[in-house]
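Going line by line, the protein sequences match chains A and B. Sequential numbering of the first sequence, starting at 1, is according to the UniProt record's numbering. Sequential numbering of the second sequence, starting at 1, is according to the UniProt record's numbering.
Calculated directly from the structure, the hints in this document are not laboratory data. On a predicted model such as this, the values are computed, not experimentally measured, just so you know. Be aware that a few hints might be false.
Note that the list lumps identical chains together, so a pair holds whenever it fits in one copy or between two copies.
List of simulated lysine to aspartate or glutamate pairs, DMTMM-like, C-alpha gap at most 25 Å [as the list claims (entries may be wrong)]: (1) LYS43 with ASP2; (2) LYS33 with GLU84; (3) LYS62 with ASP126; (4) LYS43 with ASP127; (5) LYS43 with ASP105; (6) LYS43 with ASP18; (7) LYS62 with ASP123; (8) LYS33 with ASP18; (9) LYS43 with ASP32; (10) LYS33 with GLU72; (11) LYS43 with GLU72.
Here is what each chain is made of, one letter per residue.
Protein chains: 2
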Amino acid sequence: MDTFVDQQGSELAFNVMDQFCPSRVVLQRIGDKWTPLVFQALKQGVLRFSELRSAIGGVTPKVLTQTLRSLERDGLVSRTVYAEVPPRVEYRLTELGVSLLEPLDAVRAWAETHAGSVLTSRDAFDDA
Amino acid sequence: MDTFVDQQGSELAFNVMDQFCPSRVVLQRIGDKWTPLVFQALKQGVLRFSELRSAIGGVTPKVLTQTLRSLERDGLVSRTVYAEVPPRVEYRLTELGVSLLEPLDAVRAWAETHAGSVLTSRDAFDDA
DNA sequence: CAGCATCCTAAACGATACTG
DNA sequence: CAGTATCGTTTAGGATGCTG
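Could you put the whole structure together from the sequences, leaning on the hints where they help?
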């Protein structure tokens with residue numbers, strides 16, 4: 001288990017409940033708007049930029065690029081450029097990325113399974 | 001499995017990769033900035049507003065209220081008001097909320113376990 | 001105690017157009 | 001093909017002060 005030094009100078013184990021713990025930043029990174037969708041797309045293996053773009057409905061090139069750069073920076077996705085014309089760029093999950101696949105996939109599956117219940121609850125709440 | 005009607009009028013199973021699928025909204029709701037932290041706090045059982053607030057470092061009352069209202073609306077958290085002076089309000093996970101606890105907890109655990117690796121990768125990327 | 005009201009900023013996101 | 005550049009919008013989130 002890693003540790004960090006908090007505001008009081010104490011050395012503490014990583015804990016998302018601490019306002020200044022780096023793990024909270026990481027948690028929010030992997031829970032952003034597009035990351036779970038990129039992971040879902042890359043579950044099947046290697047994809048090119050345009051393939052990712054069409055796999056993820058509604059994502060613009062700018063935002064997809066930003067998301068992929070962040071994931072690359074965080075060591076979750078690797079980017080391979082082939083010196084061809086036209087250019088070809090391939091994205092795949094790193095080993096670290098693969099380790100995150102199962103947790104993110106569980107959340108995605110929950111969303112798809114229970115979206116109906118949530119929407120029903122939402123309607124009932126709004127009627128009241 | 002629930003279904004929804006997409007832009008072409010077809011009836012499809014819930015799928016977060018579809019831009020117009022309601023499950024995507026649900027996914028983004030449960031992956032927002034504070035929801036995973038509220039769940040982590042409520043894992044232990046019932047908490048009052050002020051207890052939640054101090055359990056989640058750095059959250060302001062306004063944002064915590066907003067988050068809790070959304071979770072209540074979505075049927076994930078229940079809110080109980082006691083007619084006392086001073087007022088007492090208790091929050092707890094609903095049955096639906098409990099079903100989401102395990103997936104969210106897995107993501108939280110991943111963040112705490114691998115935050116060190118992510119930060120290391122980030123530093124290396126920024127040096128290059 | 002548990003919030004609500006108000007104002008404000010930062011940043012994420014999106015639309016469009018263009019390029020090596 | 002795989003982006004970048006620029007601009008504009010939206011909205012989450014924060015600071016502060018007040019109330020039943």
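From the Cα coordinates, with 25 Å as the cut-off, is the pair LYS33 and ASP18 best called within, between, both, or neither? both (23 Å within a copy, 14 Å between copies)
Indicate which option fits the pair LYS33, GLU72 if close means a Cα-Cα distance not exceeding 25 Å: within, between, both or neither. For LYS33 and GLU72, both the intra-copy (16 Å) and inter-copy (21 Å) Cα distances are at most 25 Å.
Within a copy, between copies, both or neither: which one fits LYS62 and ASP126 at a CA-CA cutoff of 25 Å? Classified as between: cross-chain Cα gap 20 Å, same-chain 35 Å, threshold 25 Å.
Have a look at LYS62 and ASP123 and pick one of within, between, both or neither, based on CA distance no larger than 25 Å. between (34 Å within a copy, 24 Å between copies)
Can you give me the call for LYS43 and ASP32, within, between, both or neither, at a CA distance of at most 25 Å? Cα proximity of LYS43 and ASP32: in one copy and across copies (18 Å, 22 Å).
For LYS43 vs ASP18, is the C-alpha pair at or below 25 Å within one copy, between two copies, both, or neither? Between. Shortest inter-copy distance 16 Å satisfies the 25 Å Cα cut-off; intra-copy 32 Å does not.
When no copy is specified for LYS33 and GLU84, does a C-alpha distance of 25 Å or less occur within a copy, between copies, both, or neither? For LYS33 and GLU84, neither the intra-copy (32 Å) nor the inter-copy (41 Å) Cα distance is at most 25 Å.
Identical-chain pair category, LYS43 with ASP127, by Cα at 25 Å: Classified as neither; 39 Å inside a copy, 29 Å across copies.
Alpha-carbon proximity context of LYS43 and ASP2, limit 25 Å: between (28 Å within a copy, 23 Å between copies)
With identical chains treated as interchangeable, where does the CA-CA distance between LYS43 and GLU72 reach 25 Å or less: within a copy, between copies, both, or neither? Classified as within; 16 Å inside a copy, 32 Å across copies.
When no copy is specified for LYS43 and ASP105, does a C-alpha distance of 25 Å or less occur within a copy, between copies, both, or neither? both (9 Å within a copy, 21 Å between copies)
In the structure shown, a violation is registered for the earlier hints numbered 2 and 4, in ascending order.
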